[in-house]
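Asker: Line by line, the protein sequences give chains A and B. Take the position in the first sequence, starting the count at 1, then add 4; the result is the number in my numbering. Take the position in the second sequence, starting the count at 1, then add 83; the result is the number in my numbering.
These are computed hints drawn from the structure, not numbers from a lab. Note that the Cβ used here is the ideal one computed from N, Cα and C, for glycine as well. Be careful, since some hints might not be right.
[Stated by the list, open to error] Here are some chain A residues pointing at chain B (derived, C-beta under 8 Å): (1) Ala87; (2) Gly125; (3) Leu214; (4) Glu241; (5) Gly266; (6) Ala275; (7) Ile277; (8) Pro278; (9) Arg293; (10) Ala301; (11) Glu303.
[What the hints assert, rightly or not] If you only want the chain A side, here are some residues facing chain B, beta carbon under 10 Å, derived: (12) Arg143; (13) Gly146; (14) Phe175; (15) Pro210; (16) Ala272; (17) Gln292; (18) Leu302.
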Amino acid sequence: MSRGLLAWLLCAVALTALAADLDYRLQPRQIAPDTWLVEGTTEFFDSRNGGNIANVVFIVTAAGVVVIDTGPSRRYGVQLRQAIAAVTDQPILAVYLTHHHPDHALGNQAFQDVPIYALPGTAEALREQGGELSANLYRLVGDWMQGTEVVQPTATVSEGIQEIGGHRLQFIALAGHSAGDLAILDHSTGVLVSAMVFNRRAPATPYSDLGRWLASLQRLQALDFRLLVPAAGPAGERSLIEHNADYLRWLGESLEAQAEAGVDMAEALSAPIPERFSDFALLREEYQRSVGYLYPALEQSALEVRR
Amino acid sequence: MLALAALLLNVARAAEEPADPLDSVQWPTMRRMFFPQAPLRFDERVRVSVPKAAEDPLRVPVTVRYDALTEVREVLVFIDFNPIPPVLRLRPHNLKPHLGFHVRVQQATPIRAAVRTADGLWHVGGAWVDAPGGGCTMPPNQSSRLADELIGQVRGRHWPLAEGGNRLKFQILHPNDTGLVAGVPPFFVESLKVEDAAGQMLAEMELFPPLSESPLLTLESAAAGPYKVSGRDSSGTRIEKVLP
């Protein structure tokens, strides 16, 4: 055997081994009747987690499987379908996207045979930013993204209650974490899915609108539900909403007060964070990202002196 | 014998040249570019604060503090891996040891400040800033174009410091174009000085386009306000404003 061929073979073997290892090992866990959670890690994107940092939910209805979010990559989407098939023989009925962020919507490619529903704001943001979002994810997680392309939603969801295969699903149109944040409450099981809430991981605020986000959380508070599935971290109770609201209020007030006191942006990065938020993973990191996005405008408006 | 002495001298010289604590392959180039002959040491007393990751690479905040150094004659800030490395050159006349600003970075890179003391020695500090990352990461905001009539306007404010004197923050509205984007020529704020009400010079600055759009600068001085900020941009347009 020639050396070139040997090298090629070794290379091919190595690549195969690598490819074989790009397994998200998705393990759906039943959290309510017909309702399954595929939980992501509470980490940043990296080449070990392959971008699997968001929660996906699917509901096995009598009319077919309703899938809420599709994960970060084509590969994730494909593996999600396999994981769903391991739980039920029911076909996929439809996909609903909670919002356009890449860890929630880049698995769409694997669901092109069914309608993909999203809020108008989500569809618009994915059209505008999808390319850059996916390019950035390629850079951050690497091979996991192979073959991933942005697939746009194919249908618009609006506020209201729909009966789907024996489940009464309420669709709630919110905004603030992103340009369009869809919450879904299954009145038949009491499960509320909302990616505006984070559990054991600090809320990601880039490009968000804190005021609208807080108003949206208030609407969630008013709903009658039993179990809340957040954007990331384990499913939890109603108190998650208030904890998130507490953090967002503190964040907004703290940054505004610092800007008003003349603190430099680089100094604001290391400002103390109250102990009561220490249950959030990536707290300092997400806080610093929030400073990066929110502080420039606050710092500049503090210069417009009111005299 | 003579050869041996020469060899030893060379070894000694090599040993004198301190190793870059930030371990950047660009350091030798920076050394030649900014300090071809001058004596230099890496010095932790020059503290450069940056975020770990450049969330918005067009606006990366930096502060430089050098509280423990006295008789400072010059401060030079540069970015190893930028296509245009120099950021600003400051000659402090009546300033406290604090400097804040925002920069554009091209990729993961050290950001450094070199502080020259009266003895001619450069004290170099710095920190790495990483490329953007993280969950729900978004592309950087493309900067909006400023309206022509706003270019060159200055706004600013000062705050009293607990230990006396003031912190002065001001912003020059300006596109500060680098000239690296095709079809957009370089057009940036080139020089600034800050004086107090009595005309006493507090700071003179030479600025370079890696400073973010509408450069925002923070200085501290024992002198009382109001302050006068003046200067010009690369097209020769005057900038002038008294900040009450």
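Asker: With reference to the structure, classify each hint as holding or not holding.
Answerer: Structure-based check of all given hints:
{"no.": "1", "hint": "Ala87", "verdict": "violated, 22 Å"}
{"no.": "2", "hint": "Gly125", "verdict": "violated, 15 Å"}
{"no.": "3", "hint": "Leu214", "verdict": "violated, 15 Å"}
{"no.": "4", "hint": "Glu241", "verdict": "violated, 23 Å"}
{"no.": "5", "hint": "Gly266", "verdict": "holds, 4 Å"}
{"no.": "6", "hint": "Ala275", "verdict": "violated, 12 Å"}
{"no.": "7", "hint": "Ile277", "verdict": "violated, 15 Å"}
{"no.": "8", "hint": "Pro278", "verdict": "violated, 20 Å"}
{"no.": "9", "hint": "Arg293", "verdict": "holds, 5 Å"}
{"no.": "10", "hint": "Ala301", "verdict": "violated, 11 Å"}
{"no.": "11", "hint": "Glu303", "verdict": "holds, 7 Å"}
{"no.": "12", "hint": "Arg143", "verdict": "holds, 8 Å"}
{"no.": "13", "hint": "Gly146", "verdict": "violated, 13 Å"}
{"no.": "14", "hint": "Phe175", "verdict": "violated, 22 Å"}
{"no.": "15", "hint": "Pro210", "verdict": "holds, 5 Å"}
{"no.": "16", "hint": "Ala272", "verdict": "holds, 8 Å"}
{"no.": "17", "hint": "Gln292", "verdict": "holds, 5 Å"}
{"no.": "18", "hint": "Leu302", "verdict": "violated, 12 Å"}
Violated hints for the displayed structure, listed by number in ascending order: 1, 2, 3, 4, 6, 7, 8, 10, 13, 14, 18.
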